[in-house]
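Enquirer: Below, each chain spelled out in residue letters.
There are 2 protein chains.
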Amino acid sequence: MKKSYWIYNRGDYEIYHTNLVNSRRQEFGVDYPVVWRVYPVEPKVDFHADITVEKDTTFTLHLNGTGYVFVDFEEKEFSDGAMLDVAALEAPLSRRYRPGVPVPLTKGEHHLRICCLNLESLPAAYIEGELVATDGSFYTLDEKGERIPVGYSEMHDSPEKRPTEFIFSYERMLPVAKEKRGEGTLFDFGKELYGYLYLKNVSEGDKIHVSYGESREEALDIKHSIVWEDVEGQSEYKLRPRAFRYIYILGTKAPRVEADYEYLPLPYRGDFKCDDESVNRIYEMCRYTLHINTREILTEAIKRDRWLWGGDSYQAFRFNTYLFHDKDIVRRTLIGMRGKDPVTEHINTIADYSLYFILGTLEYYEDYGDTDFIRFIYDRCHTLMEFCASREDGEGFFVKKYADWIFVDWADIDKDGPVCAEQMLYIAALRAMAKMAALIGRDGKEYEKKAERLTALVNEKFYRPALGAYVSSFTSGKEQVTRHANIFAILYGIADKAQTEAIIQNVLENDRIPAITTPFFGGFELDAMARIGRTDLVEHRIRTYYKGMLDLGATTVWEEYNPAFSGAKHYEMYNNKYGKSLCHAWGASPIYLLGRYFLGVRPTSTAYETFEVKPCLGGFGFIEGTVPVGDGEVRIFLSKERLTVTATKEGGTLLHGGKAIPLPKNETVEIKL
Amino acid sequence: MKKSYWIYNRGDYEIYHTNLVNSRRQEFGVDYPVVWRVYPVEPKVDFHADITVEKDTTFTLHLNGTGYVFVDFEEKEFSDGAMLDVAALEAPLSRRYRPGVPVPLTKGEHHLRICCLNLESLPAAYIEGELVATDGSFYTLDEKGERIPVGYSEMHDSPEKRPTEFIFSYERMLPVAKEKRGEGTLFDFGKELYGYLYLKNVSEGDKIHVSYGESREEALDIKHSIVWEDVEGQSEYKLRPRAFRYIYILGTKAPRVEADYEYLPLPYRGDFKCDDESVNRIYEMCRYTLHINTREILTEAIKRDRWLWGGDSYQAFRFNTYLFHDKDIVRRTLIGMRGKDPVTEHINTIADYSLYFILGTLEYYEDYGDTDFIRFIYDRCHTLMEFCASREDGEGFFVKKYADWIFVDWADIDKDGPVCAEQMLYIAALRAMAKMAALIGRDGKEYEKKAERLTALVNEKFYRPALGAYVSSFTSGKEQVTRHANIFAILYGIADKAQTEAIIQNVLENDRIPAITTPFFGGFELDAMARIGRTDLVEHRIRTYYKGMLDLGATTVWEEYNPAFSGAKHYEMYNNKYGKSLCHAWGASPIYLLGRYFLGVRPTSTAYETFEVKPCLGGFGFIEGTVPVGDGEVRIFLSKERLTVTATKEGGTLLHGGKAIPLPKNETVEIKL
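Line by line, the protein sequences give chains A and B. Just so you know, the numbering used here puts 412 at position 407 of the first sequence, and the rest follows in order with no gaps. Just so you know, the numbering used here puts 676 at position 671 of the second sequence, and the rest follows in order with no gaps.
Since copy identity is lost for identical chains, a pair holds within one copy or between any two.
Derived lysine to aspartate or glutamate pairs resembling EDC-like cross-links, with alpha carbons at most 20 Å apart:
1) Lys-345 / Asp-147
2) Lys-406 / Asp-147
3) Lys-7 / Glu-165
4) Lys-454 / Glu-397
5) Lys-345 / Glu-148
6) Lys-406 / Glu-148
7) Lys-406 / Glu-151
8) Lys-405 / Glu-148
9) Lys-149 / Asp-346
10) Lys-149 / Glu-350
11) Lys-405 / Asp-147
12) Lys-149 / Glu-397
13) Lys-345 / Glu-125
14) Lys-345 / Asp-384
15) Lys-149 / Asp-398
16) Lys-345 / Glu-47
17) Lys-483 / Asp-419
18) Lys-405 / Glu-151
What the hints contain is simulated information worked out from the structure, not anything from laboratory work.
Could you put together the complete structure from these sequences and hints?
Expert: Okay, here's the thing in structure tokens:
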């Protein structure tokens, strides 16, 4: 049998699974689908292939949907010249075959056209045959008759492994502690997990209340716990996948619980260790947080919503680069995040999140060199940017219209009129579009011009030489300075050298400017800090702020953490006592920060064709670890006495003591210090 | 209980059912979905309503999908100002309710927001309550926050009558004849019908082949019959709905068959009778043909495809006006035909069919005065016309690009370069757009200008004064003259008076110009003939051409009829022995022609607010009948001796003997002749 895969309309698999993920949220027993627009997949797809078989053969079609395979439709014209459709109308009865029957094929060249309709899920096709198979050589035709290669995944490589069922791995987990509390029993699985909960040793007559908690408090607080289920009538239950660490059960005497942890078996290609055990545990916590949220797509809030949020996953993309280095998860997430045309609202309805999508797409290219994907997604980037252009005001500032949500961060930001941070992101997105256009031979001049014009305008209207900072708004007159826009000014190269110096002094290193409280924006902040050489502040933040969560018993990174809070107050958010996500990938930035600025590895050309290694010991006694670079790795050890670097891939340069030392593949460079 | 209906995103019900209809075709045992693009419905919808209840009350939500109802979400802004979404995020746990639980509501004003997601079918909501109900007062919000009233149908007015199940009526039918033929049994139901076939008095061990036929020949020709099914394992069967007159059964000894004829119980509001029994039977055949194809939408080829074809149903719209006068079927058909945005291909991939959609939409307005619908559909008309504009060549002619299909008719038409008939339709569509724009206060000037410009260009490039006719193509040099473009030139007012006279003489009344062979284009031709006063030709065509089908045993109108053929050759089309549809609504034009030009009733203002009655006896001994006019009817009797006209509605004028005689409501005007 020839190796075969389920094929589908490129991009629709990702959108299909994103929709499923976005549909599964439940709160207080109520289904709670996403609040933004859901784009459906194309219900009808025609797959084509031009094949040659070396001898007479047969094959069998499988469809996820209804339809047929048409062998050798004639490309001759009817009286009117509509080739494809007329061929279908004209089909002699012997050449359209239904699924499940052997389709004969004579030796030689053939054209196959598979038509599949599915009004309920994802139209897809699979061919089983000795000489014929469905794979990347199949294509669909766009409206201009141009060939678009089909989508397929190596995960779905047999008739049974349909692309509608995403394939995960499972690990049986048992609680590490059990405790009688009031009328019920509390179980602790030791750390947060996501998966199926099994409920055993119960009676059919028991009316059971199962309360889930990321925290002990939440599980026990049955009035306010967000996720729960009432069951009765069975002597054993397998409950739908949910996230939890604690389970509190009422209504049955001596329940037993087990769980199947559901996860994607991605290897940890990145690693970090140092002499500070807390930092090692923080790295471990970040890694696990990212892993648990790395699923069909990069989700957030594994307990609460598991929705696909554009800004959150934009952060997570770079963590992935330094941990799994898995391009597929990024690609799936980008496609699912973007959806389809026409664009009628921002991604997640959030203006900034539309722009992160654009930035994330370019960064995906930079990390993995996937030009083919840029070619596929470019038009969707373009239509999204056209939508963004509809959000420009008379001066060309990117502003809120209708129900747009200008987020930036959970922070007190003056959002009167054009918001500075949004303009920064818009400039960065415009520049990214120009770069992507250039990559695939499209015309991106308009983007470039617009970015230049807006950069000048932003510096004119938002920058205050007297304050040495950008203000949030020039409309309100409040002249508010927050870290956000100023961090973006550095990260996206909008501030010039002098402005950057001023910002460092007046904003970044100025304690009177309110601190960032979300790990989300903290990721941007620390990135900016590290870029200006303040890795000491990064280290400090990890050793204090992140350690704060650890000390409170966190096994995963929280959505927000305010050291000033205490007790269960930590868990409150969005008007709900346990509304805060305690497992939020957007906060796992130490993975990236430690890999990029301490182990010191970064690409210097697309897809790590070349890369530099510039380790930084900071205040650590030693650091050691691995950073994935394309299909290779760099292993680094650094202490006060010794630096060793091994790259398993060409293209590396070690920067040390003012020298650039080439890193030959698979050779260890050792420097005594 | 307050009267309540299932509500859904306006237009999606029609698209949902169109998709189902378009998905049910089977040929030779193979599923055969439409060959054009299928537009999915919006999977997630938020329904809003502002209500006042006079006392404390409760209500219960039903959803087709998952979601909740949110009572009184606060419109206050979060820190960022995204009202709708943030309200959802902020929801206190007590105000989001799941389906099936009583939702309490205090006396006074409330806002309800129902969120419904359905990734598999049609998201819809139904509220059951003493004081609260879902109806046309609910709305969705478009991307600018403007309110769009929801869609709902009076058909779906209880929790059980979900909008995913279209509701039909049924009549039990028994075969009128039975005959042993070879190894099997042939049943004749006397006329074509559509519905469920019951197979009885068979054994579980029987391997039964059921062959369906519109013709006797087809049912018996088991090798070539298009629709069949093999069944075994049961002692009784209810087979999926299909169309047939004849059933041939093999593999069982003494089968019995029955059928449930499935139809829409629309009253025949129009009627026609005369002294020629054949014409009466032709009218009856046309009426039945239209009826059987009047379902969720106006389909064609009830046996073969039941697909929604834009041109075919455009013809059928006017037949409906003179028979059922049912606006709903037209509206459903137009919405289903058009689909959604972005437009990437013509309706049915046929260039002319896109234009018929535009014409049909304006004519719908003219017949029923539904401005609200024009307001709803206008943007979809506009985006379709933008797509058509992408099909203009350098000179502005509407041409074939990529996989477009230039159909016009099943006839030998010179389609080299711009095709004259297409330009005529394009001009008519441009003018229709200008009219619709004016109706709802939109700017249609560009359409008007383009129509004017193209009219001049068409007359310059296609009209041949020497021939007194338009040629099909000016590119090929063949100077071919067919009836098609010349008929359109008259129907759509593109030819001036002198050109019209020339066309009548040189084309319409010229026997050397090849005859029209499809009832489809015959409808246009006869309409044009009647308009120029040649009702004699209309009468002749009905008494000969239509009678020809009748004499061959037709119980419904055929897709195409060529009197020159004989025997089973009549049934052949599209390379299939029984490929021709013998029940094709596009040929039922006598309903329209007899009503409009013999009974002589036509609207003189929108929605028959005023109408004229100008009966024409032609060669008949007498004619009598009824024509629906808005919510009233006109009843007419005309013989050589006497004319009586009764209108049950104001606004009528009888034109007779050069005089205009007002028709008072419910009074019979009688004229002795």
